[in-house]
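Undergrad: Take these sequences, add in the hints, and give me the full structure.
Given next are the chains, with one letter for each unit.
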Amino acid sequence: MIPGLYFEAYTHSMPGRAPVDAWSVIRYTPCSTGWSAPMEMGSLMSLQLRNVKKSFRLPDGGRLPVLGVREFSMNAGEQVALIGSSGGGKTTLLNAISGITAVDEGEVIVDGLDIAKLPEPSRDRFRAQRLGIVFQSFHLLPAFTALENVLLGMTFGGQPVRRERARELLDRVGLGHRMNHRPPMLSVGEQQRVAVARALANSPKLVLADEPTASVDSANQSKILDLIRTVCEQEGASLLLVTHAPEVAQVFPRVVTLADFNQPGGAA
Amino acid sequence: MNLFTIAWKNLKQRSLASVLTMVSVALGVALMVTVLVLHGVIGKMFSQSGTGYDLIIGPQGSETQLVLSTVYRIDKPIENLPWRYYLQWKDDPRVDLAIPFCFGDTTNEGNFPVIGTSPQFFKAPYARTPEPQQFRVWNPGDFLQGTWDAVIGAEVARKNQWGIGSQFQLLHGGNTEDGHVHDEKFTVKGVLKPTGTPNDRCVFVHVDGFFLLAGHEKPLIEAIQREALFFAEDINGLKEKYKAELAHAAEDEAGGHDHAHHAHAVPDVAKEVTSILLVMKRDPTDQLAATMSSLGIKQELKKGMQAQAVNPIQVMSQIMSKLVGNLQTVLLFMTGLIIAVSGIGVFVSIYNSMAERRREIAIMRALGAQRTTVSMIILCETVLLCVGGGLLGLVLGHGLVYVASPIIEARSGLLLDPRAWSPYELVVVPISIGLAILSGLIPSITAYRTDVAETLAN
Numbered sequence: 001m002i003p004g005l006y007f008e009a010y011t012h013s014m015p016g017r018a019p020v021d022a023w024s025v026i027r028y029t030p031c032s033t034g035w036s037a038p039m040e041m042g043s044l045m046s047l048q049l050r051n052v053k054k055s056f057r058l059p060d061g062g063r064l065p066v067l068g069v070r071e072f073s074m075n076a077g078e079q080v081a082l083i084g085s086s087g088g089g090k091t092t093l094l095n096a097i098s099g100i101t102a103v104d105e106g107e108v109i110v111d112g113l114d115i116a117k118l119p120e121p122s123r124d125r126f127r128a129q130r131l132g133i134v135f136q137s138f139h140l141l142p143a144f145t146a147l148e149n150v151l152l153g154m155t156f157g158g159q160p161v162r163r164e165r166a167r168e169l170l171d172r173v174g175l176g177h178r179m180n181h182r183p184p185m186l187s188v189g190e191q192q193r194v195a196v197a198r199a200l201a202n203s204p205k206l207v208l209a210d211e212p213t214a215s216v217d218s219a220n221q222s223k224i225l226d227l228i229r230t231v232c233e234q235e236g237a238s239l240l241l242v243t244h245a246p247e248v249a250q251v252f253p254r255v256v257t258l259a260d261f262n263q264p265g266g267a268a
Numbered sequence: 269m270n271l272f273t274i275a276w277k278n279l280k281q282r283s284l285a286s287v288l289t290m291v292s293v294a295l296g297v298a299l300m301v302t303v304l305v306l307h308g309v310i311g312k313m314f315s316q317s318g319t320g321y322d323l324i325i326g327p328q329g330s331e332t333q334l335v336l337s338t339v340y341r342i343d344k345p346i347e348n349l350p351w352r353y354y355l356q357w358k359d360d361p362r363v364d365l366a367i368p369f370c371f372g373d374t375t376n377e378g379n380f381p382v383i384g385t386s387p388q389f390f391k392a393p394y395a396r397t398p399e400p401q402q403f404r405v406w407n408p409g410d411f412l413q414g415t416w417d418a419v420i421g422a423e424v425a426r427k428n429q430w431g432i433g434s435q436f437q438l439l440h441g442g443n444t445e446d447g448h449v450h451d452e453k454f455t456v457k458g459v460l461k462p463t464g465t466p467n468d469r470c471v472f473v474h475v476d477g478f479f480l481l482a483g484h485e486k487p488l489i490e491a492i493q494r495e496a497l498f499f500a501e502d503i504n505g506l507k508e509k510y511k512a513e514l515a516h517a518a519e520d521e522a523g524g525h526d527h528a529h530h531a532h533a534v535p536d537v538a539k540e541v542t543s544i545l546l547v548m549k550r551d552p553t554d555q556l557a558a559t560m561s562s563l564g565i566k567q568e569l570k571k572g573m574q575a576q577a578v579n580p581i582q583v584m585s586q587i588m589s590k591l592v593g594n595l596q597t598v599l600l601f602m603t604g605l606i607i608a609v610s611g612i613g614v615f616v617s618i619y620n621s622m623a624e625r626r627r628e629i630a631i632m633r634a635l636g637a638q639r640t641t642v643s644m645i646i647l648c649e650t651v652l653l654c655v656g657g658g659l660l661g662l663v664l665g666h667g668l669v670y671v672a673s674p675i676i677e678a679r680s681g682l683l684l685d686p687r688a689w690s691p692y693e694l695v696v697v698p699i700s701i702g703l704a705i706l707s708g709l710i711p712s713i714t715a716y717r718t719d720v721a722e723t724l725a726n
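Protein sequences appear in the order of chains A and B.
Take the first sequence: its position 131, counted from the start at 1, is 131 in the working numbering, and no numbers get skipped.
Take the second sequence: its position 324, counted from the start at 1, is 592 in the working numbering, and no numbers get skipped.
Rather than coming from a laboratory, the hints here were simulated on the basis of the structure.
Just to be clear, a hint being listed does not mean it is correct.
Said to hold, decoys possible - Rough simulated footprint, nothing fancy, chain A against chain B, three-plus residues with beta-carbon under 8 Å: (1) 449 to 462; (2) 624 to 636.
Unchecked claim - Selected chain A positions facing chain B (in silico; Cβ < 7 Å): (3) Ile-100; (4) Thr-101; (5) Asp-124; (6) Leu-141; (7) Ala-143; (8) Gly-153; (9) Phe-156; (10) Gly-157.
Said to hold, decoys possible - Okay, the calculated beta carbon distance ranges per label pair: (11) B:Lys-280 / A:Gly-174: 26 to 32 Å; (12) B:Gly-667 / A:Gln-159: 41 to 47 Å; (13) B:Ala-608 / A:Ser-85: 50 to 56 Å; (14) A:Glu-168 / B:Lys-280: 22 to 28 Å; (15) A:Glu-168 / B:Val-287: 34 to 40 Å; (16) A:Gly-236 / B:Lys-280: 51 to 57 Å; (17) B:Lys-280 / A:Ser-203: 55 to 61 Å; (18) B:Pro-691 / A:Glu-168: 54 to 60 Å; (19) B:Val-287 / A:Asn-51: 52 to 58 Å; (20) B:Ala-608 / A:Gly-174: 39 to 45 Å; (21) B:Val-616 / A:Ser-203: 41 to 47 Å.
Note that the Cβ used here is the ideal one computed from N, Cα and C, for glycine as well.
TA: Structural data, given as structure tokens:
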């Protein structure tokens with residue numbers, strides 16, 4: 001594939017199929033390596049899981065089923081709180097959606113593309129370009145300033161690094177005056193705000209937040225939640241926030257319980 | 269941000285470990301550079317290009333001592349030869365140039381070796397690389413036209429701040445306890461352009477003036493006895509031959525002779541040379557003619573007991589292979605070991621940091637960095653450490669040579685260009701740095717294999 005060229009193919013919708021398949025546009029997008037995954041455009045859904053299964057190998061050779069999701073979906077721009085107990089598979093689910101972990105079977109359609117069918121390097125690139133992730137313990141890189149941490153979010157996508165965009169995001173999360181401070185010089189709340197800015201650096205369609213308030217005090221908890229929700233709304237990104245705390249989930253318009261749709265041992 | 273920027277930031281984060289690792293690489297490369305430069309300088313010095321003479325004729329004794337004293341001026345002369353013997357070689361039909369060489373004194377200032385020789389010395393090539401290299405003097409200047417003329421080497425001029433017209437005195441017997449300063453003064457009439465040979469740190473005076481210095485003229489009776497012994501001739505016959513000189517000497521001793529009315533001339537019988545340099549006649553149609561003549565003379569002298577003839581090139585090659593070569597091999601081997609140790613140091617430093625950096629790698633992977641990207645970042649860190657250390661080592665190594673060259677020169681008499689470099693550096697240093705970079709492969713593979721989900725969960 002020659003960088004810069006693209007190919008478009010229009011397919012008609014099939015009766016009874018989800019809108020993601022209707023009038024989808026398969027496009028080859030240019031990228032640094034000259035290869036990219038086909039993208040399906042025009043989707044109204046930002047996330048769809050179908051018949052997803054994931055299990056881990058045990059030391060005795062057996063397998064431990066962790067995920068068994070028959071159907072789960074989120075609309076574009078929707079904000080959903082996913083509540084579940086510890087060890088219930090919340091993080092594995094997020095890893096499957098972000099492509100960090102490959103699923104055993106099923107479809108993981110993010111922003112119109114089934115990433116379960118992609119090889120690992122393509123999942124990595126997709127994650128860098130189209131997803132934003134906010135971790136429980138922020139996971140900022142200590143060697144880099146707040147600004148550089150945000151720029152790092154852009155670096156791995158193979159797209160041009162937009163310094164102005166990074167500055168604007170940090171301004172928006174209230175850290176315009178601390179751009180050149182490294183994480184150890186920032187408070188816990190400030191670190192999480194940098195993490196939010198980094199997650200939005202590439203204008204993702206879907207933001208995944210894994211217990212983003214678990215490491216902050218209650219005073220900062222609601223501020224962080226408000227910030228994530230507001231910024232995602234402004235950016236037009238869907239938000240899937242995973243938490244074990246009902247008081248966090250209750251501020252979301254849609255709350256789903258993992259146990260309701262995840263039956264690892266059952267037939268997906 | 270490119271990969272090198274990310275790698276550089278990571279190195280800065282661990283600045284102490286990074287600096288120590290870089291310094292260990294730098295020290296290894298510096299040592300290697302120093303050894304290579306010394307290897308080149310010493311190799312050149314003891315190679316075939318180091319001299320332009322075909323034969324050195326000197327008294328019986330050590331061949332090595334004769335070459336070291338005559339060519340390198342770093343050993344004491346063996347003994348002396350009669351001037352008549354030199355004249356014989358001068359008239360030999362096989363010989364193009366026969367050059368008398370008298371030494372043992374040094375300059376009073378700077379203690380540079382002084383050589384009494386004839387202007388012919390400057391007509392002979394000082395080296396063959398492989399073309400004959402001729403002496404040149406800075407303008408204005410000439411080569412030993414008068415009795416009290418001197419020509420000085422480039423290094424002598426630089427160190428003593430001497431130029432045309434500078435006058436100096438000699439220290440008899442060199443810097444020894446019984447050495448005394450001669451009253452007579454020589455005047456600099458020529459300053460040699462640098463040759464890169466021991467000639468640069470020598471002072472050449474006219475052989476006539478050299479003999480006129482007190483103590484350089486052998487007592488007549490003693491000289492006649494020595495000549496009789498050397499040429500196996502009847503002493504009475506020689507006394508008859510030198511009757512006039514003996515009478516003159518007797519008059520001198522009685523104090524009845526007035527030197528003021530004519531220049532004092534040293535009789536040939538009282539003159540001695542330390543060695544004789546021979547340049548053989550060359551035949552453009554027969555390349556081997558000069559070599560065959562040299563071999564013939566060597567064989568002739570081997571049969572007698574008068575003197576020895578040595579081919580300086582052969583002796584220098586022996587010195588090189590037996591002494592210097594082995595020492596250099598050991599030094600190069602040790603340097604190789606040091607580079608290996610530096611490489612292991614880089615490996616240990618980066619590998620140890622991997623445990624604490626596994627989380628950072630996992631974060632980058634979670635942000636979308638591919639496996640190859642994170643392993644390239646680790647390799648970039650190794651490249652920065654090794655190239656940075658290598659460049660620092662090059663500077664350190666050449667700095668060491670720059671600082672050490674005058675000290676080595678003062679202690680050993682070996683001329684070492686402070687700005688010398690070895691062409692091997694262009695190959696050996698990049699290879700060493702490349703090998704050190706290879707030590708980053710295992711840590712980069714570790715980074716490649718990092719399990720993101722597991723690491724972040726922990």
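Undergrad: For each hint, tell me whether it holds in the structure or not.
TA: These are the hints, each one checked on the structure:
| no. | hint | result |
| --- | --- | --- |
| 1 | 449 to 462 | violated (count 0) |
| 2 | 624 to 636 | holds (count 8) |
| 3 | Ile-100 | holds (5 Å) |
| 4 | Thr-101 | holds (5 Å) |
| 5 | Asp-124 | holds (5 Å) |
| 6 | Leu-141 | holds (6 Å) |
| 7 | Ala-143 | holds (4 Å) |
| 8 | Gly-153 | holds (6 Å) |
| 9 | Phe-156 | holds (4 Å) |
| 10 | Gly-157 | holds (6 Å) |
| 11 | B:Lys-280 / A:Gly-174: 26 to 32 Å | holds (27 Å) |
| 12 | B:Gly-667 / A:Gln-159: 41 to 47 Å | holds (45 Å) |
| 13 | B:Ala-608 / A:Ser-85: 50 to 56 Å | holds (55 Å) |
| 14 | A:Glu-168 / B:Lys-280: 22 to 28 Å | holds (27 Å) |
| 15 | A:Glu-168 / B:Val-287: 34 to 40 Å | holds (37 Å) |
| 16 | A:Gly-236 / B:Lys-280: 51 to 57 Å | violated (37 Å) |
| 17 | B:Lys-280 / A:Ser-203: 55 to 61 Å | violated (30 Å) |
| 18 | B:Pro-691 / A:Glu-168: 54 to 60 Å | holds (55 Å) |
| 19 | B:Val-287 / A:Asn-51: 52 to 58 Å | holds (55 Å) |
| 20 | B:Ala-608 / A:Gly-174: 39 to 45 Å | violated (53 Å) |
| 21 | B:Val-616 / A:Ser-203: 41 to 47 Å | holds (43 Å) |
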